[in-house]
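Residue strings, one per chain:
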Amino acid sequence: MSMSEPQLQIKLLSDPQLLGPVRGIVKASAEKAGFDADSASHLCLAVDEGLANIIRHGYESDHEQPIWMSIWFEADDQPGLTIHIEDEAQQVDPSTIRSRDLEEVRPGGLGVHLIQEIMDECSWEKRGDKGMILKLRKRLPGNLTGCGSSGPDDGDGIER
Amino acid sequence: MSMSEPQLQIKLLSDPQLLGPVRGIVKASAEKAGFDADSASHLCLAVDEGLANIIRHGYESDHEQPIWMSIWFEADDQPGLTIHIEDEAQQVDPSTIRSRDLEEVRPGGLGVHLIQEIMDECSWEKRGDKGMILKLRKRLPGNLTGCGSSGPDDGDGIER
Amino acid sequence: MGFGPHIERHEMTPGELNITTETLDEMLIVRPTGEVDLGCATLLQENLATALAGTTNKLIIDLVGVPYMDSSGVATLVEAMQVARRNNINLLLCNMQDRVRSIFEIARLDTVFVIVDDIDAARGV
Amino acid sequence: MGFGPHIERHEMTPGELNITTETLDEMLIVRPTGEVDLGCATLLQENLATALAGTTNKLIIDLVGVPYMDSSGVATLVEAMQVARRNNINLLLCNMQDRVRSIFEIARLDTVFVIVDDIDAARGV
Ligand SMILES: Nc1ncnc2c1ncn2[C@@H]1O[C@H](COP(=O)(O)OP(=O)(O)O)[C@@H](O)[C@H]1O
Ligand SMILES: Nc1ncnc2c1ncn2[C@@H]1O[C@H](COP(=O)(O)OP(=O)(O)O)[C@@H](O)[C@H]1O
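Protein chains in written order, with this note's numbering: chain X, 383 to 542; chain Z, 383 to 542; chain W, 125 to 249; chain R, 125 to 249.
What the hints contain is simulated information worked out from the structure, not anything from laboratory work. Beta carbons are placed, not taken as given, at the ideal position from N, Cα and C, and that holds for glycine. One or more of the hints may lead you astray.
To be verified - Non-contacting residues of chain Z with respect to chain R, defined by C-beta distances greater than 10 angstroms in every case (computed):
1) S386
2) Q391
3) Q399
4) T478
5) R488
6) G490
Stated by the list, open to error - With a cut-off of at most 20 angstroms between alpha-carbon atoms, the simulated EDC-like pairs for lysine to aspartate or glutamate come out as follows:
7) X:K393 <-> Z:E456
8) X:K393 <-> Z:D459
9) Z:K393 <-> X:D475
10) Z:K393 <-> X:D483
Only chain X is shown next, with the shape it has when bound in the complex (with noise of 0.2 angstroms):
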């Protein structure tokens, strides 16, 4: 994971009438890194996913905290685009953040399991000693090194 400074950095607050325009960011991103228009609607999912669980979850929907978001545009021998988004939010054990099983049909529940399945990494960390990071990256299709295969330091105890 290329850790050179990101090409845009996004700070806003944890609103959810902020959703929208975030998605431009990313479908614009996503369209631009070479992606096309169906994949880079399911970034926007996946992102957006992300965000309104650390607004619903992280900061208990008070709508004035500050989320960070960076974004990688990789072009070198594994082209695609890396998403970190990090919060000042309560922490929690990266296990507990789950999906439903989904033969259970109840509201609520999927937002975790629709970032798994959309991208080809995810994990949530700890960031030091106050918030969470939540990395995502997706790869060009085309340049596939087998999906969900995110290394031995990718301990976020999800299930994919």
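Please arrange chains Z, W and R with the ligands on chain X, whose structure you already have, making use of the hints.
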């Protein structure tokens, strides 16, 4: 002009490849603020021209330098969008930032004119002792209080 | 054929989800227009609750104007479906765009809802 | 009617401007597809320079696939027009979308270029 914390802040590198992604967030922000699709597209153009000028003139096409954008959604008595664009590029006298004579047909010299035509307010200022700041504002139609009436502190020396 | 559609228009807030409710041949049609996300799921929920309280027969959610929906929108629809079932109301989704359908597929809810092509197809169900 | 279009396709880089050049009845048609901004104005400029060097008659820039253009795109077209004039080449713009046209209007260049509706209209000019 509301000087509370902006709802969105973007830091981008001075790379023309990032103009598309930035237009994505400006367009979606404008639509969220209530502008119609045509006005949203014009707002993208104004921001795009401001950024392109920073990249070409300010940073002399060095693609690795920082640019900051702040977006305020104003929902009070004068609803609209305020966008500030800041750089660390060489400082110029704001009065030198002006459109060419439109009668003279030649390539270039249109960006500043487009920005001035599209926005209700625009001004270039020196930013402390390093870089420039471009202040843009567009009100939602139906909330007009006169175009270009940006007050006495709008000392950008630009003919409107 | 009834007396033609009776259309109730809600005031549209710029940049937000617009929701209309229409009665057509004993079917109640709720038609959201715009992107459904956490910022407007409550608005959709309120409109669906009102619609569910106002029908005993068939409720159609026409998604023709919804190019995007996230899991908060899906949750709202699941909730509406559960209320509908408890009250023996026939709830149908129609005119679902491909991108929205793919979210139902990823969430494995595409077989849980009755999804029909369009309003005409909804008549027969 | 000629021998039908001869189409030369340039390799498309994902997310970037795609430009094709086509010969149709002695007219050379350059057709950019995508948003034209500072990031790709040079690519357009190069393709127009090649097209201008390869024609003595009529050059049509078909903007049907251009939903957005900034002043660097406009500058590229002004430059091409000046080269065309010097070489007595008839340069036309066609299929301009409304949003792109409004930029030409704001820049007061809508009367400087010959702008026609479509390829068919370009034949007659
Ligand atoms: N950012 C977060 N901070 C804290 N807990 C989270 C976060 N994201 C997800 N979770 C936890 O993971 C669970 C599953 O999330 P999700 O699949 O999005 O469903 P829902 O949010 O509808 O419950 C949540 O119920 C919550 O307990
Ligand atoms: N950010 C900037 N920094 C320095 N000079 C600028 C900046 N923006 C505009 N200018 C000056 O204003 C002039 C007019 O800009 P513009 O109308 O965009 O035309 P062009 O960039 O094609 O010359 C430029 O030529 C330049 O001298």
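Hints and how they fare:
no.	hint	verdict
1	S386	31 angstroms, holds
2	Q391	22 angstroms, holds
3	Q399	5 angstroms, violated
4	T478	18 angstroms, holds
5	R488	7 angstroms, violated
6	G490	5 angstroms, violated
7	X:K393 <-> Z:E456	18 angstroms, holds
8	X:K393 <-> Z:D459	26 angstroms, violated
9	Z:K393 <-> X:D475	30 angstroms, violated
10	Z:K393 <-> X:D483	39 angstroms, violated
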